[in-house]
Amino acid sequence: MTTTMSIAKREFRSYFDSPVAYVVICLGLAALGLVFFNYGGGFWQVDRASLRQMFVQLPRGLSWLVIPVVTMRLLAEEKRSGTLEMLITLPVKDHEVILGKFLGAWGLIVVLIGATAIYPVAMFGWPWDLGVLDFGPVVSGYVGLVLYSGAAVSVGLFISSLTDHQMIAFFITFLVLFMLHFLGNSITLSVLPEKAEFVLSFISFDTRLDSFNRGMINSRDVVYFMTITIGCLFGSFWALERRKWL
Amino acid sequence: MIEAKGLSKRFGATRALDKISFEVRQGEVVGFLGPNGAGKSTAMRILTCFISASEGSARVHGHDVFDDPLAVRQRVGYLPQRAPLYGDMSVLDYLKFVADVRQLDKSTFKKSMKEVVEVCGLAGVLGKDIRTLSHGYRQRVGLGQALIHDPPILILDEPTSDLDPNEKAEVLRYIRQVGEKRTVVLSTHNLNEVEEACARAIIISKGRVVADGNIEDVRARGGRVRYNLMVDEQEGLTNGAPALAEVAEALAVLEGISSVKETPTDERAHAFTMLGTKSTDLRAEIYRLCVDKGWLMLELRRDVQKLEDVFKQLTRGDERSDRGRDLLAGDDELEDDEDFDDEDLDDEDLDDEEADQDDADEADDADEDDADEDDADEDDADGADADKADADKKEEE
Ligand SMILES: Nc1ncnc2c1ncn2[C@@H]1O[C@H](COP(=O)(O)OP(=O)(O)O)[C@@H](O)[C@H]1O
Ligand SMILES: [Mg+2]
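For the record, the sequence lines run as chains X and S. Heads up: the first sequence begins at 1 in this note's numbering, then just goes up one per residue. Heads up: the second sequence begins at 247 in this note's numbering, then just goes up one per residue.
Just chain X, with the same shape it has in the complex (with noise of 0.2 angstroms):
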């Protein structure tokens, strides 16, 4: 466990050392702010529905562009420049390889959505009292959107392990997450029969989300997520364990 810390808070320093983190937290708050200044009435109109916005922007900002970002160098990097040979040969067991750079990247969009919390706080709490929130939804919301960044972040190691190039990686992953987030969508539903209208909206990134959203915490989605970052840690773990016999 100390071997993953150590992998985890190196990958997680990395970003700080170079402007990626900062950039991307910066950036992140700026457009978040957008949308609250232009949704409805401006920012003096703001109220719980503006809030449910956030919840569903939020989510989608970091699967388009910051997600493919701090993902695509995870194993894709180092395996290009040679220095996964000298961080495996280390007394380090390829789970932990894994876990680590997975915990990294993890904690730098966890510390995102957390810095995000400065919204709700300053909109209904101080400085400014803009109505009585209903503290349920933000909660659950906000369990959703760390389920929801741990599977996406899965997803984008997962496909930084297939390859040996970044760039690569970025357009899959950002690909990936675009669908996974349109799938349930409602145009993309109209077109399509029954059947594949269930399939999908059951795959679907922005339907899981939803029912956080308005305040519930269903095992199922729990699971829907969990599913999938466990599920891409074992891909990348094998993936990393390919390089061994191939």
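Bear in mind the hints are in silico, worked out from the structure with no lab data behind them. Do not take every clue at face value.
What the hints assert, rightly or not - Below, a list of computed lysine to any residue pairs in the SDA-like style, where the Cα atoms sit at most 20 angstroms apart:
1. X:Lys244 x S:Arg305
2. X:Lys79 x S:Ser287
3. X:Lys79 x S:Ile376
Unchecked claim - Beta-carbon label-pair distances, calculated as ranges:
4. S:Glu426 x X:Val143: 45 to 51 angstroms
5. X:Phe234 x S:Gly308: 29 to 35 angstroms
6. X:Phe234 x S:Ser298: 16 to 22 angstroms
7. S:Glu426 x X:Gly231: 50 to 56 angstroms
8. X:Met167 x S:Leu372: 32 to 38 angstroms
9. S:Lys251 x X:Thr2: 33 to 39 angstroms
10. X:Gly231 x S:Asn460: 53 to 59 angstroms
Said to hold, decoys possible - Sample of chain S residues facing chain X (criterion: CB under 8 angstroms; computed from the structure):
11. Leu316
12. Pro326
13. Gln349
Even for Gly, the Cβ is constructed at its ideal location relative to N, Cα and C.
With the hints as your guide, set chain S with the ligands onto chain X.
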């Protein structure tokens, strides 16, 4: 300490290692020697449990590399080829990270850090980002991280490649220093380095061990000496100018001479290269022969085979077939045999003196370069060989 038994490794159709076996005893400094693509890195990666062998087994410090990789890695300090380090970390952070993963406690880390900084000369760069360092310093940092846990075994993959001569000498000095109380395996394709830093050499070529022993033994494997003789072609000592064939014939029947070959020369002289066994010195015989026949000797030289010659001799045949020379080589060798009954002293050894042979050779090379390009995608080694072929060509010119 290190014991490899019948290790084989296949990458698809490429056979990177072909049942190699060797043993390294405690305290030895062993040079893994071989041309590019011979399988040195592959062997080291198996020993450090980065990849698995297709067949065979290996034990490091008593632990099986397959069953107990963690125990092996704990006892090994490994520097991969080209020292891949995290460029965005500072040297100190990097060493800290390695110590962290190796779970050294604070006081041990402090102590070994002091030693590593001193031995590897890192004091001036501790705060610098690794990506800003010169290659020589990167190599030193790589060596430093391999030493941080004071391992009994060091495995270094081409620690001196891409370094300038000064850096090279320095890194070799570090290696000698740390090798005083450790078992060290280092790979290289440079013979001088092995002679300088190692007591023992394992020469591998095309995934097989072709020689293994201390440097002297390996050198003796060549077991031949070369004599260069020049006799005036216009004037004799007593009987007037000798004919070429006459001299050649007389030399060929000397006891202990295994082959005589005429070599071109700018001077007005007959020049010959002869091969003899190492155990006897034939210079006196040759001199006596010249005096008896009344030839005017201009030059006589005896060369003990250099390690380089042995290396070429041991690894060349494989390369030849590797470059697709099999078919051509068949006729070639027959011809060689006729006028030159020992093909071991191959044309590359003599080629600077052999104009016509060169042309043929070069034509071969050119053909094979084309072939190489075709399958370069499938096999990295071919690329390397093409380079090698180019280098050979340059040498020949
Ligand atoms: N990951 C790999 N995939 C395919 N072929 C490989 C791989 N690694 C090495 N090889 C091949 O194995 C052979 C030996 O390579 P290597 O051990 O790197 O040689 P050396 O280190 O002696 O130069 C070469 O022909 C090389 O192309
Ligand atoms: Mg190599």
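Each hint tested on the structure:
Under the criterion of a C-alpha separation no larger than 20 angstroms, the hint pairing Lys244 (chain X) with Arg305 (chain S) is consistent with the structure, at around 17 angstroms. Restraint check: the Cα-Cα separation between Lys79 (chain X) and Ser287 (chain S) comes to about 16 angstroms, which is no more than 20 angstroms; the hinted pair holds. For the proposed pair Lys79 (chain X) and Ile376 (chain S), the alpha carbon gap of about 18 angstroms is at most 20 angstroms, so the pair holds. A hinted range of 45 to 51 angstroms for the beta carbons of Glu426 (chain S) and Val143 (chain X) is inconsistent with their spacing of about 59 angstroms.
Against the hinted window of 29 to 35 angstroms, the Cβ-Cβ separation of Phe234 (chain X) and Gly308 (chain S) comes to about 33 angstroms, which satisfies the hint. At roughly 20 angstroms, the beta-carbon separation of Phe234 (chain X) and Ser298 (chain S) lies within the given 16 to 22 angstroms, and the hint holds. As the Cβ distance of Glu426 (chain S) to Gly231 (chain X) is approximately 51 angstroms, the hint placing it in 50 to 56 angstroms holds. At about 34 angstroms, the beta-carbon gap between Met167 (chain X) and Leu372 (chain S) stays in the expected band of 32 to 38 angstroms.
In this structure, Lys251 (chain S) and Thr2 (chain X) meet the distance hint of 33 to 39 angstroms, their C-beta atoms being roughly 34 angstroms apart. Hint check: Gly231 (chain X) to Asn460 (chain S), Cβ distance near 55 angstroms, so the stated range 53 to 59 angstroms holds. The beta carbon of Leu316 (chain S) comes within 5 angstroms of a beta carbon in chain X, closer than 8 angstroms, and the hint placing it at the interface holds. Residue-level restraint check for Pro326 (chain S) holds (minimum Cβ-Cβ distance to chain X is 5 angstroms; threshold 8 angstroms).
A cut of 8 angstroms between beta carbons decides the hint on Gln349 (chain S): the least distance to chain X is about 6 angstroms, and the hint holds.
This entry does not satisfy hint 4, going by the numbered hints stated previously; all others are met.
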